[in-house]
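A.B. asks: Bring the two chains, given one by one in their own frames, into a single complex with the hints.
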Amino acid sequence: MGHGERGRSSKKMKYGGKDDQKMKNIQNEENYYDDDVDEDSRLGEREKKDTDFTKLELKPDHGNRPLWACQDGRIFLETFSPLYKQAYDFLIAIAEPVCRPESMHEYNLTPHSLYAAVSVGLETETIISVLNKLSKTKLPKEMIDFIHDSTANYGKVKLVLKKNRYFIESPFPDVLKRLLSDAVIKKARYCSEPYGDDGFTIGKTSGELEAGPGELLNEAELAAAAEEKETHSFEIDPLQVENVKQQCLPHALNYPMLEEYDFRNDNVNPDLDIELKPHAQPRPYQEKSLSKMFGNGRARSGIIVLPCGAGKSLVGVSAAARIKKSCLCLATNAVSVDQWAFQFKLWSNIRDDQICRFTSDSKERFRGNAGIVVTTYNMVAFGGKRSEESEKIIEEMRNREWGLLLMDEVHVVPAHMFRKVISITKSHCKLGLTATLVREDDRITDLNFLIGPKLYEANWLDLVKGGFIANVQCAEVWCPMTKEFFAEYLKKENSKKKQALYVMNPNKFRACEFLIRFHEEQRGDKIIVFADNLFALTEYALKLGKPMIYGATSHIERTKILEQFKTSKNVNTVFLSKVGDNSIDIPEANVIIQISSHAGSRRQEAQRLGRILRAKGKLEDRMAGGKEEYNAFFYSLVSTDTQEMYYSTKRQQFLIDQGYSFKVITSLPPPDAGSSLSYHSQEEQLSLLAKVLNAGDDLVGLEQLEEDTDGKALQSWKLKRSNGSMSNFSGSRNMAYLEYNKSASKKPKDPTKRHNLFRKRFG
Amino acid sequence: MPQVKIIAKNFMDMVASLPAIKLDKLYNNVFICEAILRSLPPLAKKYVLQMLYTDVPVPATMLEEWVLADGVSKHRVAIDRLIQLRIFSELVDRKKQTSYSLNPTFQTNLRKHIISGGVLPREPMNSDNAIKLPSLQELEAYALRQWECFLLLLINSSKAEKLTGISSSMMRIFQRGLLSQRDKDGPRLTESGFQFLLMDTNAQLWYIIREYISNAEERDVDPADLISFLLELSFHVTGEAYNLNTLTEVQKNTLKDLADLGLVKLQQGMKDSWFIPTKLATNLSVSLTDSSVRKEGYVVMETNFRMYAYSTSKLQCEILRLFARIEYQLPNLIACAITKESLYHAFDNGITSDQIVTFLQQNSHPRCADRVPSIPENVTDQIRLWEADLKRIEMTQAHFYEEFPSKDVFEAACDFAREWRGLLWEDSKRMRLVVKSEIHNQMREFLHSQSK
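Chain order of the listed sequences is A and B. Numbering that gives the first Met the number 0 applies: residue 0 is where the first sequence begins, and numbers increase by one. Numbering that gives the first Met the number 0 applies: residue 0 is where the second sequence begins, and numbers increase by one.
On the chain B side, residues computed to face chain A include the following (Cβ under 10 Å):
(1) V299
(2) R305
(3) T311
(4) E326
Listing some non-contacts, in silico: residues in chain A with all C-beta distances to chain B over 10 Å:
(5) N131
(6) V240
(7) L289
(8) P669
To be clear, the hints were calculated from the coordinates, so they are not data collected in a lab. By construction, the Cβ of each residue, glycine as well, lies at the ideal position given by its N, Cα and C atoms.
Chain B with its partners taken away, still in its complex shape (with noise of 0.2 Å):
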């Protein structure tokens, strides 16, 4: 099974490696034209701005000039990124001379969008008393209760509720990676997929969100389309009404799945059926770097080993039965406390201790984070020195020889196996000895040539 990396990069990072036709198609939609410029770095933001109503080709020394001496590693990424988006079009003509020039759709879109506005494909739904919205308070909750019933199952976890709309076969992709399909003991969660249970809620929609994506043409979906669909989304107002039937029959079908996700709610009145936007969608096209707000944290470890956890949360619960043992669950209160044992599990299951030592640092309760360290060092060290114990012994791939015809046979072998530096142990009295499997031939026909 192919490793996933983790890497919580935004949506642009995967619109940047879609194919070239389909990048120049995806610039035919207004609303992604200003999405990607949202997201690009600021310099190449102001590239872009600067060169909106050029028409010709501007030479790259030109460009260089723009920036002082301290600019140009920035300078650099800002080209790479702009070129990798298929935004600019590098030049070069016969003298050697490099210029770019903006993609024509690109420019063309977002000139018209600066001047007139975009129009969305659907207008809101005029609120009349077959339609009642849910208050943006309850919206939110709505949203956050929706992706954390998606992550308990995600993470298959016995508390979670089923649900409606995602496939079981689409849940293991998205678990591709995060779980490890281990024997008997059923899916563990594994390094990558516990840094993911770490990550904020728009990392992890991201990653989901990439995962749903890369799996769109197994479903006949478009990843084009999709990615045109998603973007066009995070540009509905939050708590506005859409109706459905503005919708293609596939987007219907991906609107069912985002609803499992908290992405939007759909809700159905008595002749028609419409979609409400979450927050989660409209931040989809928000570059991670602005959205990851820091959360307050909610963990309060103690010297002897117990760890208080503010939480109402099931899935904050299983994020720390995973390296802790719960002990009490009350209402608005988490007991738990974290033993040699539950370490052992957690390592044992890819966890490393930094990223214990992290998440609890992370997520410090206020009272204690202003405190030095805010996790009592006696733990944190402690959290180490296990995990350190755990790597004293070194594995090597060795072979075993024994029964030597004659002690000088044996002591032969012995110091053919020191110059090749791969003896590991020898027993001259009883005439054994252990050699790195690396030497193991050399060693085979070493022997053969003495018994000759």
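Isolated chain A, as found in the complex (with noise of 0.2 Å):
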């Protein structure tokens, strides 16, 4: 098809360097990844993949290593290797997950994903030789150069800020001196009198210990690892950090800076009495994504990865605890910031008038001089006339320098959003968590360098067979439509329908009226049934009588649905349109029921996935083994022959490379279930496809969740549905769900916009 070809070639002129062969492979695989890239030129790439390593030489103990490097930057790695456990730790840290399932692991080397690994402290010599060491075969050159190009500038200068003033620090003095060669730094630097001869200060910062790769590092070399390094740094002006930071982004310089917090040396800033609770034992993981923020006394700025339910809020309570500062939380809406503060009082020792909530609804303030704050991105953010009070507690907020500012769900923010939000608040550190860290999308980037690199990412499977998170069945099942709404489907003028016809497809319904009969009545489940169609929400809670919540539902209401849903033994589903996606923490479910979804969103699917992820009952049944392998259940319902199958082989991409499996089911409901279930007799169908045929058109999209006016929704996106398919519509400008502007408008991006190193791969 013409847009991809046309997007390769004309890159391809723009970027046609030495470099960029071996850069373009490594890409390439992004490529193969990426949602917008549309079936033929994917095709061609996988032409292309079709790669020729057997030159390489193998070791001759090739059998005792774990893993074989390609000189595209791809590594395979073999889990049940002796050594799998420290391998995977130092390839987490230092390349990105391609796919993870039981047996064979791959990842990619990227510029991003060296950037991380560089900044949790690994030189460029450790990285190879590490590597090197658990190859099987010789470490190809390119690699090596690969690895040489991408960290020759990472990690070589850090910004830090110590009592309350900023410091450029560098073990490199000639890296500092390059960087004052240029005017804007050379202008924020604050000339005291010179220390030393280049005028530097000079300092010892210990250097870094780290369990994961160490274990793999003779003794000399950890020997060398501890030994305490020199420093050079010199001051900056505080208002200009933004300025230099900018200054040394990729784009200009080229020497992007780590951002380090000296808590324990920070006297300006009061300490917070805060202390986990003695039952606050971190999991394994969580003490190692931890260890990867702390990993040198300091606090680090970047992102958690872990999956949903694997306990990210004891992470971001346990970051802030040791901190000992003010923290600033972020979420995304009002519900999960009263989770948050429920969270942070289970596990720490906080008192209620130090931890604060500011939503629409609630403007709290903490007592004394240090204290938490939750409260939403659109809070901060928000643009419009403020109240009174409101406008003094933003005030605080902008006067305040924060120990710790913790973001949630940073995956579903947009840019801009993240920018203001930085802007307005001064923090020393900056901790992200999500569960599904998109790779495909510009936002990566952002995020990077808003936040910092991605420090540590849980591997799921590894999580479900620890017993930490519930071993999910998924289960993808197969509805025919009906006769009668396939016909409606496809016709021409129905086009605007066609998602409404295939989600009230009668036997869609029935499927799903089946499987709510059996995991309630059989085995005594908790249900979500997921629609992002608002007219099939609706139809099917009504006909049902089951409760629903969708975007217009109000705080209360809302609230009340779900404590019935977690108390009564009589309300075991809840209908949930996409507003449940995210952060709505519903910890008693264990069914979830798909029955319409968002196009092609891989991330939408994780997401909902996570909703049940938080493991039940107890932790021995749960093992491999154990006498309840499955506890929990992932149906997504999908009408055959229509476009929901091909979205649905995309959406499950994510969950599929993370090692789930899909078991397809062709044979619900059972053909004896007859008359017991809703639709059987073809007037009944008859009488609904009317239905659906007389709905007004804006009544059967997409649910259009507006603004809340207490800022429940992360942001207003509006979508149009226009004339044709859905491959056809796009999304206005302004949206939180950038993926989906991406997968439905299928048209590359202008290159020119992408972030330096993200353009070369469209090379």
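C.D. replies: Take a look at the structure:
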């Protein structure tokens, strides 16, 4: 198809350097996972991907080594190797996971992943020597060069906030000199009396002592790593910090700065009296992610990726408790603000008057000179007129120096909102939390430089095996369209109703009804039914007599319904629109039935699955081989021969790459279900069809989440359903779900607008 | 082109199908008698040995007394086999009593062989300095390499190197039935071709040798001579050198072909030339059931449809390529993915989902082989579903009728077609209908009569 081809060739001309050949291969891999590359160009990619690396030389003892490294950056890891655990910890620090099923993992080395590696303290030579040790073959020269090239500039410079003064710090005086040759930075430098020959302050920092790769180093190397290092630094004007940071970004000087917070030596900001309660025992992977953050006694900014239900909040609370300074916690909506406040009280000894919520409904303020504020992104970034009270609180936020900026669900927040939030709040350390770090859009760049690199990413399957998250049985239920619905589906004049038609397919309804009945009655499960299509949501919920929550449901009513769902024996099923995708915590639920979804969004699928990942029951039952190996169920209902089938395959990709498998079920409801389920007779089906056809086009489309008055919904985003097929519609500019925009509009973005590091991948 | 059915049966089936005179001639060779004896089903073997020193026909009733009631079917098979191979001759006397006697040539030769042992027509050459023999491992590696190379050429892979001996016309004969010569995209593997590739080496060898023998006459070689030479070869010692000058001209030519298949290695010294039989040659007379030792599997199939094959073999890579997309070839690993497209490509070539699933199961890596199921269920399900997807449309030959003169004629035609159970589709508004081709003639006659 035209787009892909044209896009590629033009980029080829632009970035046809000799390095690019090497880069291109790697970037192509990413393309493969890119939602917006259309099928045909992908196919081309695949053919090219048949890459013959048989010439690589195997080491004689290759059987004992766990991985293969290809010159294009792809790394294969055997999970059954005795060195797997160490190799995994190392790879997750230096490479981007591509897929992690049971026996063999695949990773990609990318400039970004290497940036993250450097920022958690790994050095170029360490990366190469450990990789070489683990590799079954001699490391391809291309890969070594690539690591050298990518890490040459990263991690050389740190921005340190010490005693409320900003310092630029580096072990390499030459680099500092280079920075100072830049006019902006030169201007920003505080000229104090010169120390040493270069005029830089010389200090000492202790080296890294990390459990992961450390185990693989020999003693000499370990000693070298632990040795204290001399650092050079100069001070800059706090007002110029943003400018200096800008100047160091890859498109300018290309020495992106790492930010670290030496909180122990911060005597200016008052301490917050917060300790973890004794029962808050971080699990091994939580501990590991924290160790990446606090690797050298300082707090690093960055992102931690843990599956939903794996206890992200404990990581957040632990981080706050270690830093022991004021903490600003940002969530996506009012419900999750409540949940975060609750989590803080659950895991730590924080006093009620030290923590406050700031939403449109509750405008609390903490007492004393340090505390925790939980609010939404919207409340902080809101641009319009605020009430007097809010204005005061915002002003306080602005003036305060925060020890930790804790950001939940960073994958859903658009970049401009981040910028705004970060410019308003002055923080020493930023920690982003998410379950699904989206890899394919521009925002990974933004996240990398606005928050920091990815510090840690857990492996879903390992957590399942350890019994930390539920072992979910995923199933795709194929529901054939009834003859009448399919006939209407194919008609051109019904193009706007296609979605409504395949969602309202009577066979799908019956399958859904059957599943609800089965899980409620036979297993006593708690069920969430997800529908993006409001028309369908209402029809299903009313017909089955179940409560539902969607965008317009008030906060009070939401809380009430969720409370009933949690406690009442009679409310076992709740219908949710896409408002339930993120952050609404419903730990009781263990079954999800998805009747309609958001085109090909892999993230939505993963987030929804996340709703039931919280492990339930006894640990020993959940472990592999226990009596309840599967204790959670995820059903995705699709109408066969419709667009849904195509989307469904795409949506599942992320989870499949994490090692989940979808079982296809073709026989639901069972043929003998007959009239015990709704819409058995043709008359009923036809009247349903008439209802769908008679509903206005605006009614049967996707839910349109208006900006909630109380700032519950993240961001207003409207969808226009234009004529023609699904592939035609496009979203508005200002969207929270960027990925959606990409998958739907199938147009490569203007390459010049891409981040420097990412531009090349289209070459 | 005749479809060659792939049967992984052994050499003896072919021996059995030789004409009587040829078969009798074969039994002049002591080694063939021994090879035949070895190949017999156990019960048949016992009968032959039991009757070896009996010079009078043995009544069938007596033979039947030797077996227990539940062994009757095996007895039947044994007797049939022996008669087929003309080792037993059946005699029916006037009282309609059946009795059996051993083939006299066979009997004499076997007796001789048992008492004095056989003497091969040639002895191994004395190993002196002129002859440097390869080690057994080297020889085995050589044989496998030759065989793989031959197979790659057979499936027309671009990766194959040219062979020296086997002519391209002979290659085409081997390919008959395995590849289909379809349109411009060149020959493609057929269903039986795929099945062929999935068989173990011995079975494949049998198939090729069979084709080789059946084609012998075209090369002016007597099939019986060829069979006897091949059987004789199987009694040579692996790894020993035999002088070429002990062979006839025809046999020398045959050896060149066999070298291409990896059955023998040819070497040339200062004044002599010799051949060294490999395991492939000496295994020829071993019956198939004994030799099909399962090779260790090498395929790891993941739930995300990615497949990792621990293999260095180009051939295995080509086999995987038949239904999967090869993404990375590493020194000892092939990384590939099963996709809808790659499977559709395979189905298009006549490979079935069952074959693929069986292949994956049979070759699954020991690490996954203990897992139940060894191949993730969602993958096997999906492979089958994709195949089923292609079969949803059923083709029916049909005829289309339109422009009916009146509604009455149209309706009568519909009724008529319905009566004959041939009505496939009707559009009463525009008066068009489609009927099965089977009733086209009746329909035409009917319409003809209507228009009068």
